[in-house]
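Mind the numbering: the sequence shown is residues 61 to 544 in my numbering, read in order.
Worth flagging that the hints you see were computed from the coordinates, not collected in a lab.
Quick reminder that beta carbons are idealized off the backbone N, C-alpha and C, glycines included.
Careful, some of the hints might be misleading.
[Unchecked claim] Mimicking DSSO-like on lysine-lysine, the simulated pairs with C-alpha atoms at most 27 Å apart in a straight line are:
| no. | residue 1 | residue 2 |
| --- | --- | --- |
| 1 | Lys117 | Lys195 |
| 2 | Lys201 | Lys391 |
| 3 | Lys467 | Lys298 |
| 4 | Lys201 | Lys158 |
| 5 | Lys391 | Lys272 |
| 6 | Lys424 | Lys462 |
[Said to hold, decoys possible] Pairwise CB distance ranges (calculated):
| no. | residue 1 | residue 2 | range |
| --- | --- | --- | --- |
| 7 | Lys195 | Glu379 | 50 to 60 Å |
| 8 | Asp280 | Pro437 | 40 to 50 Å |
| 9 | Gly153 | His130 | 12 to 22 Å |
| 10 | Ile109 | Pro437 | 32 to 42 Å |
| 11 | Ala458 | Arg120 | 40 to 50 Å |
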Amino acid sequence: MTHKGLSEQEITWDHLILGLKKTTKDFLENVLQNIIDSIVVTDLNGRIIFFNKFSEKLFRYRAEEVLGRHIVILGARRPNVLQRIRQGRTFRGEITLKTKDGKAFPARVVCVPIRDEKDLPIGMVGVARDITREKQEQEEKRFLQRQLEELQSRLSQTSLYGDLVGTSEAMLKIYALIEKVAPLDCNVLIVGESGTGKELIARAIHERSPRKDHNFVIADCALLSAGLLESELFGYEKGAFTGAYTRKIGHFEVANGGTLFLDEIGDLPLEVQGKLLRAVQERVIFRVGGVDPIKVDTRIIAATNQDLEEKVRRKEFREDLYYRLNVVIIKVPPLRERKEDIPLLTTYFLNKYAARFQKKVEIKQEVYDAFCQYPWPGNVRELENLIQNLLIVSGGNAIRLKDLPTKILAQLRPSPAETVQSSYKELKRKVVADFTRDFLIAMLRKNRGNVSKTAREIRLRRTSLQRLMKRFGLRASDFRNLPL
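Work the whole structure out from these sequences, hints included.
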């Protein structure tokens, strides 16, 4: 009788099992033993007749402890399972199982009836997988969703600090320090990586101080050369240097009565540090080219992303100036160390710029998850800029994972469930490959290397069988003189 041939790509478990009927029970049992799911076989009364190695690991029973006993020993108390099997129907669902020591765990199970030659059910094959980790992940997702729903209300708690947003323990400590030092007329040093919000903290201190009705002036010590920086800070008299056609007052005088924020103080040239020390100590300045002392009442708040103590040791920063500035120190953690604030900051910037750009866009949960995995080397500033960019370039009404830049996607770690699934698929491929190779060896041995006869028996084209043999390194000649 002729049959329609199958290619090797079309080989399925059904075809292999069909061929296995011609081999031994031990061969099939060996395959079931090496599947990485719990495989339990029972008769129609629920008595266990097969218990694979993975089941021993999952339930912590040895096979000999459960063979012949009712499946209820594994915690399977759903009476409708066996009822469905007796009716010749498959059962799929999630049930609670238990280990030998009584520990319950959720499992996803598939129970399929075993049929005899008359197609009547005579038993059951049950496949079970522990989904404890999956359930935990689902609960974590639900928890995060509830947390996100609270973000709007939490934002109101930090709205007093403008763009300084966060409710982590680290940020709450910073808020407390702001409230403590703001009313005191002392100098403050703010230390933290670039983009962490040092200027926002300085501004918050000023706005809560008795100086709030006077100027808050920013001087970036990293932008200018020593000569230009001195002119910016202290001003200059007419004719002090070429091009000085008029007198100009400097930042100290502009900030008189208010606050001068010296950003990137670690980059201040040494030749300017001495003049700054005198201004801080004596509250007196001299304009460049001037001889008359000018009294100033200016509070100094400095910020740096460098280790000033190390610069002092290397003689790159004056020790006396360091201690004058470091009356109170506020250390700002990088965003990667307060990841619990990332969803809050994301929502804040989304609302801020969506209103500015007149767009209504939501951020999908997968994006929040990705943001929490990314290390944010540029800190809050990087996050803010990214939200602006995504709002501008996004074409729809939602920002999704596919919209994120490659540098963020590259940092994503697969979830435990994805890792397990990936491992499962890889192991399954290996089991199928090993199964196929062993099956072909058994059939070629049976037929003494007769490729045509073997192809007919397993319903495979001869050329397809030859390709499979080549793939697994099998030669017909190796089987011609072997004993059956």
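Status of each hint after checking the structure:
1. Lys117 x Lys195: Given pair lysine 117, lysine 195 holds - Cα atoms ~20 Å apart, limit 27 Å.
2. Lys201 x Lys391: violated (32 Å)
3. Lys467 x Lys298: Distance ~52 Å between lysine 467 and lysine 298 Cα, so the pair is violated.
4. Lys201 x Lys158: holds (25 Å)
5. Lys391 x Lys272: Holds, at about 23 Å.
6. Lys424 x Lys462: Holds: lysine 424 and lysine 462 sit about 11 Å apart, inside 27 Å.
7. Lys195 x Glu379: 50 to 60 Å: Taking Cβ atoms as reference, lysine 195 and glutamate 379 lie about 58 Å apart, which means the hint holds.
8. Asp280 x Pro437: 40 to 50 Å: For aspartate 280 and proline 437 the Cβ distance comes to about 21 Å; the hint is violated.
9. Gly153 x His130: 12 to 22 Å: holds (20 Å)
10. Ile109 x Pro437: 32 to 42 Å: Because 59 Å falls outside the window, the suggested range is violated.
11. Ala458 x Arg120: 40 to 50 Å: Given about 46 Å between the Cβ atoms, the range holds.
In this structure, the hints that do not hold are numbers 2, 3, 8 and 10, in rising order.
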